[in-house]
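For this one, chain U is given, so just place chain R on it according to the hints.
Going line by line, the protein sequences match chains U and R. Residue numbers 636 to 839, in the numbering used here, belong to the letters of the first sequence in order. Residue numbers 636 to 839, in the numbering used here, belong to the letters of the second sequence in order.
Treat the hints with caution; some may be incorrect.
Since the list can't tell identical chains apart, any single copy or any two copies may satisfy a pair.
[Unchecked claim] Under the rule of at most 20 angstroms between Cα atoms (straight-line distance), these lysine to aspartate or glutamate pairs were calculated in the EDC-like manner:
| # | residue 1 | residue 2 |
| --- | --- | --- |
| 1 | LYS656 | ASP685 |
| 2 | LYS662 | ASP730 |
| 3 | LYS801 | ASP676 |
| 4 | LYS812 | GLU735 |
| 5 | LYS812 | GLU774 |
| 6 | LYS707 | GLU648 |
| 7 | LYS663 | ASP727 |
| 8 | LYS663 | ASP730 |
Quick caveat, the hints were computed from the structure, so don't treat them as lab data.
Protein chains: 2
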Amino acid sequence: MQAMAEYSSILLENAVEALSKLPGIGKKTALRLALHLLNEDNVQTEQLADALLKMKHNIMLCERCYNISDTKICSICSNPRRDENTLCVVADMRDVLAIEHTAAYNGLYHVLGGVISPIEGIAPKDLKIEELVQRVQTEDIREIILALPATIEGDTTNFYIYRQLKDFKGKVTVIAKGIAVGDTLEYVDEITLGRSIQNRTAFN
Amino acid sequence: MQAMAEYSSILLENAVEALSKLPGIGKKTALRLALHLLNEDNVQTEQLADALLKMKHNIMLCERCYNISDTKICSICSNPRRDENTLCVVADMRDVLAIEHTAAYNGLYHVLGGVISPIEGIAPKDLKIEELVQRVQTEDIREIILALPATIEGDTTNFYIYRQLKDFKGKVTVIAKGIAVGDTLEYVDEITLGRSIQNRTAFN
Chain U
636 MQAMAEYSSI LLENAVEALS KLPGIGKKTA LRLALHLLNE DNVQTEQLAD ALLKMKHNIM
696 LCERCYNISD TKICSICSNP RRDENTLCVV ADMRDVLAIE HTAAYNGLYH VLGGVISPIE
756 GIAPKDLKIE ELVQRVQTED IREIILALPA TIEGDTTNFY IYRQLKDFKG KVTVIAKGIA
816 VGDTLEYVDE ITLGRSIQNR TAFN
Chain R
636 MQAMAEYSSI LLENAVEALS KLPGIGKKTA LRLALHLLNE DNVQTEQLAD ALLKMKHNIM
696 LCERCYNISD TKICSICSNP RRDENTLCVV ADMRDVLAIE HTAAYNGLYH VLGGVISPIE
756 GIAPKDLKIE ELVQRVQTED IREIILALPA TIEGDTTNFY IYRQLKDFKG KVTVIAKGIA
816 VGDTLEYVDE ITLGRSIQNR TAFN
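Next comes chain U alone, as it looks inside the complex:
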């Protein structure tokens, strides 16, 4: 009854309720979105609903790298122009997107699905680490780049993976930590600045 009194339409109320469950969408924004859809052609709402349902029902994890994919093997893994000898280990599929956007990497990925975190109850067995070890044994990989978050959990996971890969004959590297491009030194935290001095590279 309260809901009807508020919106004069339980259908609108339900739509606002469902939209406001999305992260960062409050009741006011949800109402704005619902009223926008009401003002537009049916086709916009139908396309939105259809796209969300198809995504939710049909998307899968790539059987090789565990990135999300429409097919059993994702478009990156099946792309013959990618360098199959280099493997970048990331925590999350968002990290794949971020690295792809840099256009600085042309190898393959391995998505762990998170990092080791005792506080959040994420153990090594919850991540695709065992799959990484197996993959390294069967594929011709020469370098593994660890691109995990620069956090304690990320460092712990890096260390754990490094120990699991003790039989790996290739290179294991981690992405560089240092000051961001565009940073002025006075605002950089001392740990990052210290690392950027320790890990200085030749000027050329």
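This is chain R only, laid out in the frame that chain U set:
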């Protein structure tokens, strides 16, 4: 092909595309929303899609006040506890929500569907003004409150409606213009401040 390279999933790409057509939702936010839905149970996506489709396909305008409604006559018009002698004329259904939230009004509404605007090509015939005039003739209305936006278009519409209602024997009022509650005078624009002095009320 570019899209596949970007997201490794055309299904995700389509969902992001559909979400980013919503007002105020950019590509990054759309991606965040899509990934959130991917992480949640199927039921959340299904409820969202279902609520949006049901709203879009089944919502209608109340035949009496032209507010959006699930039924031919909306819950406000059919509520016996509302004062049927007072009619508040608003531009948009959002204005009904705003006034309902004040809990300062217990009468009925008439939703015009906009205001007269030659620039946007909105003429009196595009609004529910004729329906208002007819309604006033058949219902026992004693006061009409004009609650349109305090803009030139709103004033024009007020004036047009006032002339159309020349045979109406009851009161026609407009909502008060003045400084907002909490305002300090120095930041109020001079037109509003001038109006608030002209329209001063007895102190009690």
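Hints, verified against the model:
1. LYS656 x ASP685: both (19 angstroms within a copy, 14 angstroms between copies)
2. LYS662 x ASP730: between (30 angstroms within a copy, 16 angstroms between copies)
3. LYS801 x ASP676: Answer is neither: 59 angstroms inside a copy and 38 angstroms across each miss the 20 angstroms cutoff.
4. LYS812 x GLU735: within (19 angstroms within a copy, 55 angstroms between copies)
5. LYS812 x GLU774: neither (29 angstroms within a copy, 74 angstroms between copies)
6. LYS707 x GLU648: Result: close only across copies, 17 angstroms inter versus 39 angstroms intra.
7. LYS663 x ASP727: Between copies only: 16 angstroms across chains, 31 angstroms inside a chain, cut-off 20 angstroms.
8. LYS663 x ASP730: This pair counts as between: shortest inter-copy Cα distance 13 angstroms, intra-copy 31 angstroms.
The earlier numbered hints that this structure contradicts are 3, 5.
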